[in-house]
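Asks: Here's the letter readout for the chains.
Number of protein chains: 2
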Amino acid sequence: MATQEMPKTLLTRPGDDGFRMPGEFEPHMGCWMLWPQRGDTWRRGAGPAQKTFAAVADAISRFEPVTVGVSRDRFANARQMLHHRIRIVEMSSDDAWMRDTGPTFVVNDKTGVVRGIDWPFNAWGGLEKGLYFPWDQDDRVAAKVLETEGMDRYRAPLILEGGSIHVDGQGTLITTEACLLNPNRNPGLSKAQIEAHLKAFLNVDQIVWLPWGVANDETDGHVDNLCCFVRPGEVALTWTDDAQDPQHRISATALEILSVTTDARGRRLKVHKIHQPGPLFMTETESREIDLRPGSRPRKAGDRLAGSYINFYMANNAIVMPLFSDPHDPAAQQVMADLFPGRKIVGVQAREILLGGGNIHCITQQVPAAGPARQPGDRGEAQGRDP
Amino acid sequence: MATQEMPKTLLTRPGDDGFRMPGEFEPHMGCWMLWPQRGDTWRRGAGPAQKTFAAVADAISRFEPVTVGVSRDRFANARQMLHHRIRIVEMSSDDAWMRDTGPTFVVNDKTGVVRGIDWPFNAWGGLEKGLYFPWDQDDRVAAKVLETEGMDRYRAPLILEGGSIHVDGQGTLITTEACLLNPNRNPGLSKAQIEAHLKAFLNVDQIVWLPWGVANDETDGHVDNLCCFVRPGEVALTWTDDAQDPQHRISATALEILSVTTDARGRRLKVHKIHQPGPLFMTETESREIDLRPGSRPRKAGDRLAGSYINFYMANNAIVMPLFSDPHDPAAQQVMADLFPGRKIVGVQAREILLGGGNIHCITQQVPAAGPARQPGDRGEAQGRDP
Numbered sequence: 000m001a002t003q004e005m006p007k008t009l010l011t012r013p014g015d016d017g018f019r020m021p022g023e024f025e026p027h028m029g030c031w032m033l034w035p036q037r038g039d040t041w042r043r044g045a046g047p048a049q050k051t052f053a054a055v056a057d058a059i060s061r062f063e064p065v066t067v068g069v070s071r072d073r074f075a076n077a078r079q080m081l082h083h084r085i086r087i088v089e090m091s092s093d094d095a096w097m098r099d100t101g102p103t104f105v106v107n108d109k110t111g112v113v114r115g116i117d118w119p120f121n122a123w124g125g126l127e128k129g130l131y132f133p134w135d136q137d138d139r140v141a142a143k144v145l146e147t148e149g150m151d152r153y154r155a156p157l158i159l160e161g162g163s164i165h166v167d168g169q170g171t172l173i174t175t176e177a178c179l180l181n182p183n184r185n186p187g188l189s190k191a192q193i194e195a196h197l198k199a200f201l202n203v204d205q206i207v208w209l210p211w212g213v214a215n216d217e218t219d220g221h222v223d224n225l226c227c228f229v230r231p232g233e234v235a236l237t238w239t240d241d242a243q244d245p246q247h248r249i250s251a252t253a254l255e256i257l258s259v260t261t262d263a264r265g266r267r268l269k270v271h272k273i274h275q276p277g278p279l280f281m282t283e284t285e286s287r288e289i290d291l292r293p294g295s296r297p298r299k300a301g302d303r304l305a306g307s308y309i310n311f312y313m314a315n316n317a318i319v320m321p322l323f324s325d326p327h328d329p330a331a332q333q334v335m336a337d338l339f340p341g342r343k344i345v346g347v348q349a350r351e352i353l354l355g356g357g358n359i360h361c362i363t364q365q366v367p368a369a370g371p372a373r374q375p376g377d378r379g380e381a382q383g384r385d386p
Numbered sequence: 000m001a002t003q004e005m006p007k008t009l010l011t012r013p014g015d016d017g018f019r020m021p022g023e024f025e026p027h028m029g030c031w032m033l034w035p036q037r038g039d040t041w042r043r044g045a046g047p048a049q050k051t052f053a054a055v056a057d058a059i060s061r062f063e064p065v066t067v068g069v070s071r072d073r074f075a076n077a078r079q080m081l082h083h084r085i086r087i088v089e090m091s092s093d094d095a096w097m098r099d100t101g102p103t104f105v106v107n108d109k110t111g112v113v114r115g116i117d118w119p120f121n122a123w124g125g126l127e128k129g130l131y132f133p134w135d136q137d138d139r140v141a142a143k144v145l146e147t148e149g150m151d152r153y154r155a156p157l158i159l160e161g162g163s164i165h166v167d168g169q170g171t172l173i174t175t176e177a178c179l180l181n182p183n184r185n186p187g188l189s190k191a192q193i194e195a196h197l198k199a200f201l202n203v204d205q206i207v208w209l210p211w212g213v214a215n216d217e218t219d220g221h222v223d224n225l226c227c228f229v230r231p232g233e234v235a236l237t238w239t240d241d242a243q244d245p246q247h248r249i250s251a252t253a254l255e256i257l258s259v260t261t262d263a264r265g266r267r268l269k270v271h272k273i274h275q276p277g278p279l280f281m282t283e284t285e286s287r288e289i290d291l292r293p294g295s296r297p298r299k300a301g302d303r304l305a306g307s308y309i310n311f312y313m314a315n316n317a318i319v320m321p322l323f324s325d326p327h328d329p330a331a332q333q334v335m336a337d338l339f340p341g342r343k344i345v346g347v348q349a350r351e352i353l354l355g356g357g358n359i360h361c362i363t364q365q366v367p368a369a370g371p372a373r374q375p376g377d378r379g380e381a382q383g384r385d386p
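Protein chains in written order, with numbering that gives the first Met the number 0: chain V, 0 to 386; chain Y, 0 to 386.
If you're looking for bench data, these hints aren't it; they were derived computationally from the structure.
Backbone N, C-alpha and C fix where the C-beta goes; we use that ideal spot for every residue, glycine too.
Mixed in with the good hints there might be a few duds.
Unchecked claim - Footprint (simulated), chain V over chain Y, 3 or more residues, beta carbon under 8 Å:
#: 1; region: 143–153
#: 2; region: 250–260
As the list claims (entries may be wrong) - Only pairs whose alpha carbons sit at most 30 Å apart, straight line, appear in this in silico DSSO-like list of lysine-lysine:
#: 3; chain 1: V; residue 1: 7; chain 2: Y; residue 2: 190
#: 4; chain 1: Y; residue 1: 7; chain 2: V; residue 2: 50
#: 5; chain 1: V; residue 1: 299; chain 2: V; residue 2: 128
#: 6; chain 1: V; residue 1: 343; chain 2: Y; residue 2: 7
#: 7; chain 1: V; residue 1: 7; chain 2: Y; residue 2: 343
As the list claims (entries may be wrong) - Rough simulated footprint, nothing fancy, chain Y against chain V, three-plus residues with beta-carbon under 8 Å:
#: 8; region: 85–97
#: 9; region: 140–154
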C-alpha cells in the first residue's frame, strides 16, 4: 500500500490552484455543526438550544451526512441527544457557529479535489465590539475540521466569517460593507485589497456590495441573514412591507442595488422577497435566563432579534429553514417551496437559535461534493464554473 | 444522494455477525495513536516522550496512514511536532496507550465491513492496583475513534485491554492468566465465562493461556510484551539466557507451554526467541523527573523496567521496533529481519516509552483492511479465516 498523501497547509491561493467556492445549492458531501454549551449565549445552561441544534442536525442528516463537534465535557450527553446516524467528534470551541468558525470549502472541478480555507476569526470584532473573549478555540475549529476530513488547508490573510459571504459558484459574490469593511475586522486592508483577497481565494470576478445587514444583527450585518443566492442569477432577500420598520430601508436599499446588478456572467439578477417574521424581541424571561458574564455581550429584555427566514440551510434535495411560531411562517414556507420545487421544505422551530444571535445557516457549514454535477430538481443552467 | 448509514452501537456479538479479529500482520488501513502529556507518567512534562511518540508516528506513517488523538491543550503544539502527513484529531484521554484504550477492530471478510469492539477500561486494575484515577476519558477513547472512523461499535461485557491479547486471525488467541484472570479486572467472571466472551467477540476457537507476562510489567502481565504471532503457526517470545533473571522462569515456562500447543487449525506452534535487552532499570535522574501525584503509581529509581523487543508494531510492509541503545539491539534487529523477510525493519530509540510503562505496541492500534488479502513478502499460507 502506498503512503497516502495527508493534509497540509498550503501557501498558495485557491483561485490560482484551480479551485472555486461552489454555491450552497450545489451537491454536498455532508455538513458540519458544533454543539452549543455556553450559558452567556444560550439560556438555561444551553439545554433548549441543544434540543434545537439536535432537531436541525436530525433534519439535515435525513438528506446528507452530518458531523457535530462537541467539547470533552458535553460529549457523552450530546451522544445521547443526537441520532446515531449523526457522527460526533470531540472538538473544543468557544461557541457553536460553524458557519463563521469552520472552513470555507473550495473544489477543483477537474480533479475532484476538495480543500478548505481557514479564515482567521476574532469573534465578530475582536476587542472592539466583538461578542466574547477569548476566541482561541474558535479560531482552531477550521483547521480541526480539515484535519478530520483529511483535506488540505489554506490559511487566509484576512479575518472573515463564512456568514458574511454568499456566492453563486459562477464568479459572483455578495457581501455587506457594514461587516467586511468594518475596522474591527481588517483595519489594515483597503476595500480594494479585501476584494483582491476574496477574488483570489474564492475564485470570483465580481463582488456585489450591499451596505448593511439585517436590523440589529450583532455580527455587524452578515449577508447570510439578509440575502442569498438560490441559484445562479437569482437571490432571495428578507423583506418588510412596514415602512416604519428600520429593516425597510435596509431591504429597500439592497433591492435597489440588486435590481441594477449584473452578475459575473452578465445576467441581471432576479430578486425574490421573503417577508420577515415579527419583528421579534427578547422577552424578560429569556433575558433573565441567560448568564451575565464580563467580556460577553449582554442580551437584554426588549432587544430586537435579527429574525429572518433567509438564514436557512440548503441540504441535498432539501431546505432546512427556521420557523418562529409567527404569522409569517406559512408564507415564507410557500415562497421557499416555489423557489426550490425539487426540494423538500423542512421547517424547524428555531427561536432558541435566534436568541443566541443567529440561525440555521449560522450553525451549519456544507462540505461540497466536487464536480459540476447538477442538483436534481433545480431549475436553471448547469452548475459549476466551467461546464 | 441517499442518506449514508452512520455508526451505531450494536447489541450483538462480532463472531455471530461473521466478524473476526485479524492478525496484526494482515494488511492495515491505518494506525491510531494518542499523544502523551501527563507528568506523572512521562518525565520532564512529557517532552521527551512526545519526541519519541512523534518518531514512532513518523516511522509508521511512511507505510500507512496515522491518526493521533491530542487533547485540546496540546493540539497546536502536537501539530508542530508531527509531520503533516500525520492526521491529528482532538481527543481527550487520561494517558496515551491506544493499544489498551482504543477499539479492537474486527472485519467481515465477505462484506469488507470493519467494526470495532469497545472494551470497558479501568486503568489496568481500577482501584485495586490500577495505575491512576480517574480513567473516564480513557474509557471513551474507543467510542470516539469509531465515531471518527464512521464504524459501528460493539460495547463488550468485560474489562479488557488490547495489549492483553494477540491472535493469529485463524481462530487462535494467546493471553496471560496473570492479567486476564486478575480479580482487579473482571471479578464476577469465571475463566470459562471469559473464554466464552473472547470466543464470541474475537471469533476464535482456541485460547492459549500463558501464566505470566514480562517480569515487573505493571499491566499485570500483558502478553504483547512477552509473546506475539508473527504469522499463523509462528510466535516470537522474549527470552533471556540468564537463569538467575526472574524473566528466565517466565519465558521458559511460556516456551514449554507453547512448544506443546497446537493452534485452532491443529498446527504445532513454532517459537522464535528474541533475547531481551538489559535488564534495564530506572535511574535516579529519570525517577526524579517524573511528577509525584497521589493516586498514580510512583516510579522509583532502581525499578526494573519491563523492556522487551516483542513490543513492536507490524505496519504494512514494515516492522517498527523499539531499540534501547543496548548491546542486544543488533541481534534483535537481525531476528526481526529473519522473521519478516518482506518487510523493512525500522528501529526507534524507545526508552522514553518504556519509562512510562510500555512500548511501541502499547501506544499503537492498527485498523485492519477487510478481506483475506495476503501481505506481500509474508511467508506461509494465505491469510483470512475462510480462504
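Asks: Run every hint past the structure and note whether it holds.
Replies: Here is how each hint holds up against the structure:
1. As drawn, the region 143–153 of chain Y meets chain V at 4 residues by the rule of a beta-carbon pair under 8 Å; at three or more, the given contact holds.
2. With 0 residues carrying a beta carbon less than 8 Å from a beta carbon of chain V, the region 250–260 of chain Y misses the three-residue requirement, and the given coverage is violated.
3. For the given pair, residue 7(V) sits about 49 Å from residue 190(Y) by alpha-carbon distance, which is inconsistent with the 30 Å threshold.
4. A distance of roughly 20 Å separates the Cα atoms of residue 7(Y) and residue 50(V); the hinted pair therefore holds under the 30 Å criterion.
5. Straight-line distance between C-alpha atoms of residue 299(V) and residue 128(V) comes to about 16 Å, which keeps the hinted pair within the 30 Å bound.
6. Simply put, residue 343(V) and residue 7(Y) have alpha-carbon atoms about 26 Å apart, close enough for the 30 Å limit, and the pair holds.
7. Restraint check: the Cα-Cα separation between residue 7(V) and residue 343(Y) comes to about 26 Å, which is no more than 30 Å; the hinted pair holds.
8. As drawn, the region 85–97 of chain V meets chain Y at 7 residues by the rule of a beta-carbon pair under 8 Å; at three or more, the given contact holds.
9. Residue count for the region 140–154 of chain V with a Cβ under 8 Å from a Cβ of chain Y: 5. That meets the three needed, and the coverage hint holds.
Hint check: violations occur at hints 2, 3; the rest are consistent with the structure.
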